[in-house]
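Based on these hints, arrange chain B on the given structure of chain A.
Listed in order, the protein sequences are those of chains A and B.
At position 114 of the first sequence the residue is numbered 113 (numbering that gives the first Met the number 0), and the sequence of numbers has no breaks.
At position 127 of the second sequence the residue is numbered 126 (numbering that gives the first Met the number 0), and the sequence of numbers has no breaks.
Since the hints were made in silico from the structure, they are not lab data.
Don't take each hint at face value.
If several chains are the same, the list does not tell them apart, and a pair holds so long as it fits within one copy or across any two.
No farther apart than 25 angstroms at their CA atoms in a straight line, the calculated lysine to any residue pairs in the SDA-like style are these [claimed, not checked]:
(1) K149 <-> G43
(2) K76 <-> D138
(3) K5 <-> P15
(4) K131 <-> D172
Chain by chain, the residues:
Number of protein chains: 2
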Amino acid sequence: MAEFAKTDRTTITRLPKRGSYDKDTVYAILDDALVCTLAFVLDGQPFQIPTGFCRIDDFLYIHGSVGSFYMREIAEKKLPVSIGVTHLDGLVLARSAFHHSVNYRSVVIFSNPELVTDKSELYTALEVFTNKVQPGRWDDIRQPNDSEWKKTMVLKFKIEEASAKVRTGGPNDDEEDYDLNIWAGVVPMKLERKALLTDPKLKPGVEVPGYLR
Amino acid sequence: MAEFAKTDRTTITRLPKRGSYDKDTVYAILDDALVCTLAFVLDGQPFQIPTGFCRIDDFLYIHGSVGSFYMREIAEKKLPVSIGVTHLDGLVLARSAFHHSVNYRSVVIFSNPELVTDKSELYTALEVFTNKVQPGRWDDIRQPNDSEWKKTMVLKFKIEEASAKVRTGGPNDDEEDYDLNIWAGVVPMKLERKALLTDPKLKPGVEVPGYLR
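Chain A extracted, bound-state conformation (with noise of 0.2 angstroms):
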């Protein structure tokens, strides 16, 4: 089982037992997730933003406009970041309001910012997420031409300074709560896919991919 080297950043401190460094660990809550957090310092504040992401072996890729200000501060002056997913899973009602929490899994990253330039990787790094957005989906649409790939900025993040976080299962109550007449339990959370909308432009006549139903 592979695992990431624990660093002063990545260790988890606040409840450990929930902290891991397995890489499988990390590798499947960041493909579970379509959105992260791009944290950075500039000027010596906190920046965040949410934004889309795919993986591809040991690289995180995050892809924008060449006009957007904050991918090319990051391009440039090469800021490191912090990357972090998290998913709510469940709510857990406990018995004690202090023993209520959450079932969740969370990664948080460190790493720098690598300016892609390589037409394949660019390629490639496209095809991956929107693929994972919509797997079937690159096969099926107008690819970039030559005017949109000069508008895309791509940006990738090794991921070796990684850690994961997660919680699971039901309240964990004081013994003397167990005989109070409290409902406990677990709510499961889940970000689902509801029915298509289809866009009233829609061609005549074409219909839903098989990918989609």
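This is chain B only, laid out in the frame that chain A set:
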């Protein structure tokens, strides 16, 4: 319609049409979220932690253990923070890869921590937080005792430097792409509560309360 004053840090420069400084918009996005991301700077490095929160009027409240390294650092060093909330509302599937997008509602706040010490404010913050996670819960459970209050730290952050960014609606394709035989539309996304999981240690005879049915 009350608005937050724009600052250099909160002015939306990329796709400014999606930006909003309207207080009601910002507050609605915050109140619809259970988890925020708290970003801060330590030794020049960006850090972030996901954490539950609630809003009372113009303040955002978080709580944690007095043993939490980050809670203590933020409180003691009065670290400036950036607080972010993001809802992923839909996957926007356009005819071109380039115009793929997501529907979202996000808020970013810049603020500074204030340690809450007033007993009645502490109580109200925990009550509002608990009832936000699960409406009706607070009056049903065993409330904190002295020892539990001593273990709990509450911080609040004035919400006065804040902005929202929102995308809604379907894909916006290039004019010539509307004639392509490609399905386009939106996959709505929603974080949903699923069927309750009862604690196996539930005291026999305890029913699911009305506010959870």
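Here is how each hint holds up against the structure:
Taking the closest pair of Cα atoms, K149 and G43 never come within 25 angstroms of each other, the shortest separation being 32 angstroms inside a single copy and 33 angstroms across copies. Taking CA atoms no more than 25 angstroms apart as the test, K76 paired with D138 passes in neither setting, with 35 angstroms inside one copy and 52 angstroms between copies. Taking identical chains as interchangeable, the C-alpha atoms of K5 and P15 lie at most 25 angstroms apart only when both belong to the same chain, with a minimum of 12 angstroms there against 40 angstroms between chains. Proximity of K131 to D172 under the C-alpha cut-off of 25 angstroms is restricted to the inter-copy arrangement: shortest distance 21 angstroms between copies versus 39 angstroms within a copy.
Figure legend: structure checked against the earlier numbered hints; hints not met, in rising order: 1 and 2.
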